[in-house]
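Go by the hints and put chain X onto chain B.
As a plain string of letters, each chain reads:
There are 2 protein chains.
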Amino acid sequence: MNARRRAQLPPELVFLPLGGTGEIGMNCYCYGSGPADERHWLMVDLGVKFGEETDPGIDVVLPDVGFISAEKSRLHGLVLTHAHEDHLGAVAWLWPQLECPVYCTPFAAQILALKLKEAGLDEQVPVKVMPVGSRFKLGPFELEFVSVTHSIPEPTALLIETPEGRVLHSGDWKIDRTPVLGQGMDEKRLREIGAKGVDVLICDSTNVLREGFSPSEADVAARIAAIVSQATGRVAVTTFASHLDRIATSIRAARACGREVVIAGRAMRNTIEAARACGMLNDSGRLLDEEEFGYLPPDKVMLLCTGSQGEPRAAIARIAEDQHPHVSLEEGDLVIFSSKTIPGNEKEVSRVLNNLAELDIDVITSEDDLVHSSGHPRQGELAMLYDWVKPKALIPMHGEPRHLRAHREFAHGKGIRDVLIPRDGHITRLAPGPLDHIDEAPCGRLHVDGKLIVPSEDGPAKQRRKLSYVGIVFVSLVITAKSELAADIELIADGLPMGLEDDLIEAAEKAFGSTPKPRRKDVNALAESIRTSVRRAADIAWGKKPIVKVSVTQL
Amino acid sequence: MNARRRAQLPPELVFLPLGGTGEIGMNCYCYGSGPADERHWLMVDLGVKFGEETDPGIDVVLPDVGFISAEKSRLHGLVLTHAHEDHLGAVAWLWPQLECPVYCTPFAAQILALKLKEAGLDEQVPVKVMPVGSRFKLGPFELEFVSVTHSIPEPTALLIETPEGRVLHSGDWKIDRTPVLGQGMDEKRLREIGAKGVDVLICDSTNVLREGFSPSEADVAARIAAIVSQATGRVAVTTFASHLDRIATSIRAARACGREVVIAGRAMRNTIEAARACGMLNDSGRLLDEEEFGYLPPDKVMLLCTGSQGEPRAAIARIAEDQHPHVSLEEGDLVIFSSKTIPGNEKEVSRVLNNLAELDIDVITSEDDLVHSSGHPRQGELAMLYDWVKPKALIPMHGEPRHLRAHREFAHGKGIRDVLIPRDGHITRLAPGPLDHIDEAPCGRLHVDGKLIVPSEDGPAKQRRKLSYVGIVFVSLVITAKSELAADIELIADGLPMGLEDDLIEAAEKAFGSTPKPRRKDVNALAESIRTSVRRAADIAWGKKPIVKVSVTQL
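Taken in sequence, the protein lines are chains B and X.
Count the first sequence with the working numbering and you get residues 8 to 562, in order.
Count the second sequence with the working numbering and you get residues 8 to 562, in order.
For reference, chain B alone in the conformation it holds in the complex:
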């Protein structure tokens, strides 16, 4: 492109999600500033999503950042709004493709450091620690971490100012006037930002279907304290490993009635260590190890543990199966699920609740009492933020399609007419306005399989899903130069019902007998004939067609 043409392209501020639209998790958003042919880029958040049962053997899913990786000479940095896995968990996997500095608050930096160390990247990644409230400049992007409230320490919204416009990227937030820890929602600053004018609010939609206001962490703390004070046996509290407010609340409730606190679960220990390294949770006294649980009287102990989502290897699941090496609970003890069940985890949570019921252990969940409050804004809170920030336009983020659409309706109802719902890979012009879908970028998702990053489309998980339905049969033949069998046909099946082998070998032998003998080295037709015969025989005997692989060795 020549200089004259280039000069004609107008500077604009654009938004490009590479993950996180229309699903929960895997947040990854890019902002571009400048003319279309030489945009300067900023990335906000780089999170994972957990694998689904439809992709067996895949625990972690990553956004494909190939597009921005190709532009990395003009990528000025990655900014993390907070330390949840779905906003930060992919950094250690994908940073080698980006090689840019990473900006985050002290708590997020602690959590990230652990992950980078595990990945052997701690010496390489330049992590810039910015306190909540900081302003800093990356290329054309003037940025500010604005304090909000959420379910993890140091949650921030990100103010993004470029020559073309001003955007408030909400991150994950709620309005909690009485948080247990932290600086709280910076209403004053948000109102100032609103007074100066906000072109676009990119906004959390998770709880848009719920009316009213979320209960405060202080309300939850009061209920948990009351419940613990009335308990006569052992008390276990399970919550999200990163939910430091809830951890602090539980510890205070325990201390108030003279209970020691035992921590179970590595992720929760990591949270507590990261918090203490940042000067938080220093009033919580000595926290005990699992090994000490059994030595304490029932009314003098609280267990704080992981597993609120029914994770089968987490502490509470193992306790519920009476399989935990150090902790056991019995009739008269109480487990508080200080959490909500994330959609998709219902069966796993239900299994734990049922196992606890079989042990006659009492359980209180957020369906029974106010022992949890979400970290995302309900309608009342959304309306309040709109009022403070007064955005000209809105992009609903963080939610499934029905949440994004409901958020659009809600914003329309509140007088925000310019609302657009982009998908991953859509490039939206934010300013100069109105919102406009102007281009597309390649995007997608990657699977973490073992320690490798593999394709999600037509990758190994898809092959394994097929294996999981129909199993596999391996047939090997050795034939002479004259194309006669040099040994018996060998057949190995895996994942098929017992007793089918004879039928399948017979089918292979018949196919061998009835297929024209291969010319030297051209065994493909023979292999294919055997493959289809064995599949057909399986279908007749079993009603399913397994994967069949045939190996023909010609001597």
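Among the hints, erroneous ones may be present.
Note: identical chains are not told apart, hence a pair may lie in one copy or across any two.
[Unchecked claim] No more than 27 Å apart at the CA atoms, straight line, and that leaves these computed lysine-lysine pairs for BS3-like:
id, residue 1, residue 2
1, Lys469, Lys556
2, Lys458, Lys552
3, Lys517, Lys552
4, Lys551, Lys124
5, Lys458, Lys517
6, Lys79, Lys458
7, Lys122, Lys551
8, Lys551, Lys458
9, Lys552, Lys122
10, Lys552, Lys124
11, Lys135, Lys124
12, Lys399, Lys551
13, Lys473, Lys551
14, Lys122, Lys79
15, Lys552, Lys399
16, Lys469, Lys354
The hints are simulated quantities; they were obtained by calculation from the structure and are not laboratory data.
Just so we're clear, the structure is a prediction, and the values are computed from it rather than from any experiment.
Just chain X now, with coordinates in the frame of chain B:
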């Protein structure tokens, strides 16, 4: 056992669940009468449970009735309380093990006949059709089908009288004073039964965690009629295929505003045909086929369809993906989910709701309006049935462990002190009382895999689950009589990331080179050495150890 000893054993009435305790589905209960060494048996219900994702490739799970099959000379019959899959769906699979007459109401007989025909058993199984309210005798068992209300036509509770005692087996029920179809709850007869004395009530626990009374079908009908009357575009109603009340309600709502009714979904068509064969639903007029949907004006059509649980191949899922061959919906149309999401199906239902949102189709679910009511009793209904029947003892059935335990607490609170929760395989003495766990019988579950019945423990599903996590590698070697390679080592991998083959072949070659040459025909040590080397190489490169199968052919 000699005659003298036999004479000493007292006659008793016992209860033996072979499926259905502590989980939803797979109901199968046996009652025994007489002395322990020559019990006469009756089976009540024989249902399936749907397969879970942890058992890939398994759609249907059956109770193992091996114990009662061995006693079939004294099995007097199988009685079905109603036609739901979890009470009747296993008959066509397991009847060949039982070979006893089957007793059920006319509607259940229609549904069963379809299944028996598909299984080629329709000529063999003696099905005895008994109207609701019938009394009949099977060996020592005097039985009566008592009319109750539920979410399918002709639901019954079963009164079981033997010389030893009287039991009311509730089946699935609720108290609906204004059902849309059917005879309704026979309160008068239940009170009479109570007045005569009931030793044990075996009772539905599904909704024991819910206070108050279930809304009536008539309340749901009124809301659906109101919603449909206000709709301006196309309306689709999705509900359980067997829920004839809801089908009738939807058809009436459509007729009231001049809408034609199109049926989509084979299972729903079967329900309607079965109902009409029993003289029900005859006022519903002509129901149209899917092909006719597209020719009708939007405000003159209602689609009644399957898929309320998010089943990916059902009508509403395909419509939501805009992939249905005959039906498409668009902005301004309305879908009513006249159902609740059965635990475990949340993700699938959510996917359908999101796809509909992406098409800007309005959706009303039971979370938004009274478009569904459960067919199971809440606390108020349970208390009412206790009051009518006045059982001396209670066995909570139909529910997960936490429901069964909550039901025990609830019954205690209502003054029923003798409550026992048996597990599958427990033999409980019901009379003479009190309830007592006296013995155990073998029990378990079976998988339907393709068209075969296979073991659930260590069966093919377990092998396939393993395959689905780690994939499989086949290695085949051909060696000469002198144990030298006669051809290159062949390696086929399935379900592994690309690019590992070279490492794995190299590992196999090294293992071959370093393993002592096998003596004639003893190739096991060589195969094992190659297997472990290939697994280790995969673990190093990938971080996972695949299943490795090695075939060594010695010429």
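Status of the hints after comparison with the structure:
1. Lys469 / Lys556: both (17 Å within a copy, 21 Å between copies)
2. Lys458 / Lys552: between (32 Å within a copy, 12 Å between copies)
3. Lys517 / Lys552: within (18 Å within a copy, 35 Å between copies)
4. Lys551 / Lys124: between (47 Å within a copy, 21 Å between copies)
5. Lys458 / Lys517: Result: close only across copies, 24 Å inter versus 43 Å intra.
6. Lys79 / Lys458: within (24 Å within a copy, 55 Å between copies)
7. Lys122 / Lys551: between (44 Å within a copy, 20 Å between copies)
8. Lys551 / Lys458: between (33 Å within a copy, 8 Å between copies)
9. Lys552 / Lys122: between (43 Å within a copy, 24 Å between copies)
10. Lys552 / Lys124: between (46 Å within a copy, 24 Å between copies)
11. Lys135 / Lys124: within (16 Å within a copy, 71 Å between copies)
12. Lys399 / Lys551: neither (58 Å within a copy, 51 Å between copies)
13. Lys473 / Lys551: Both, since 12 Å and 19 Å are each at most 27 Å.
14. Lys122 / Lys79: Answer is within: at 22 Å inside a copy they meet the 27 Å cutoff, but 62 Å across does not.
15. Lys552 / Lys399: Close neither inside one copy (58 Å) nor across copies (54 Å); limit 27 Å.
16. Lys469 / Lys354: Classified as both; 23 Å inside a copy, 19 Å across copies.
Hint check: violations occur at hints 12, 15; the rest are consistent with the structure.
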